[in-house]
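*Asks:* Sequence:
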Amino acid sequence: MHSIHKVSSTFIVMEYSYIFTISFLLVCVLWNKEVKGNPIVSCPTVDGETCVFPFVYDGETYDHCHFNDSHYLCATSQSNSTHPATSLSTCSVTCFGDATMLEKFHPK
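Under full-length UniProt numbering, the letters of the sequence shown match residues 1 to 108, in that order.
Incorrect hints may have been included.
Estimated spans, in silico, between C-beta atoms of each pair [what the hints assert, rightly or not]:
| id | residue 1 | residue 2 | range |
| --- | --- | --- | --- |
| 1 | T94 | G59 | 24 to 30 Å |
| 2 | D63 | V93 | 16 to 22 Å |
| 3 | S70 | T94 | 14 to 20 Å |
No lab work stands behind these hints, which were simulated from the structure alone.
Cβ coordinates follow ideal geometry from the N, Cα and C atoms, glycine included.
Hey, can you work out the whole structure from these sequences and the hints?
*Replies:* Quick look at the structure:
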């Protein structure tokens, strides 16, 4: 009977671990979809300008603020043909919905 209890406890721990893993993955997928995967409709910069999406920076196309060295960048103007950024600015934390999420992944 002792071995049955041990197997049962192991099963319960494994079941909770599985539920936690699935929940964590779901949160990551949803966060990535909402913050990074979808184009942002309105996103201000720290200078009060409006970010323009999509934009091309260093040969890559972005539909969200791009982390570069120590801060997030977005285009504030671009050429009409293939969206290369002609001027860049630092994204405001309001572009991310939750400043604590921004600080968690990229602290100042």
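*Asks:* If a hint holds in the structure, say so; if it does not, say that too.
*Replies:* Quick rundown of the hints versus the structure:
{"no.": "1", "hint": "T94 to G59: 24 to 30 Å", "verdict": "holds, 28 Å"}
{"no.": "2", "hint": "D63 to V93: 16 to 22 Å", "verdict": "holds, 18 Å"}
{"no.": "3", "hint": "S70 to T94: 14 to 20 Å", "verdict": "holds, 19 Å"}
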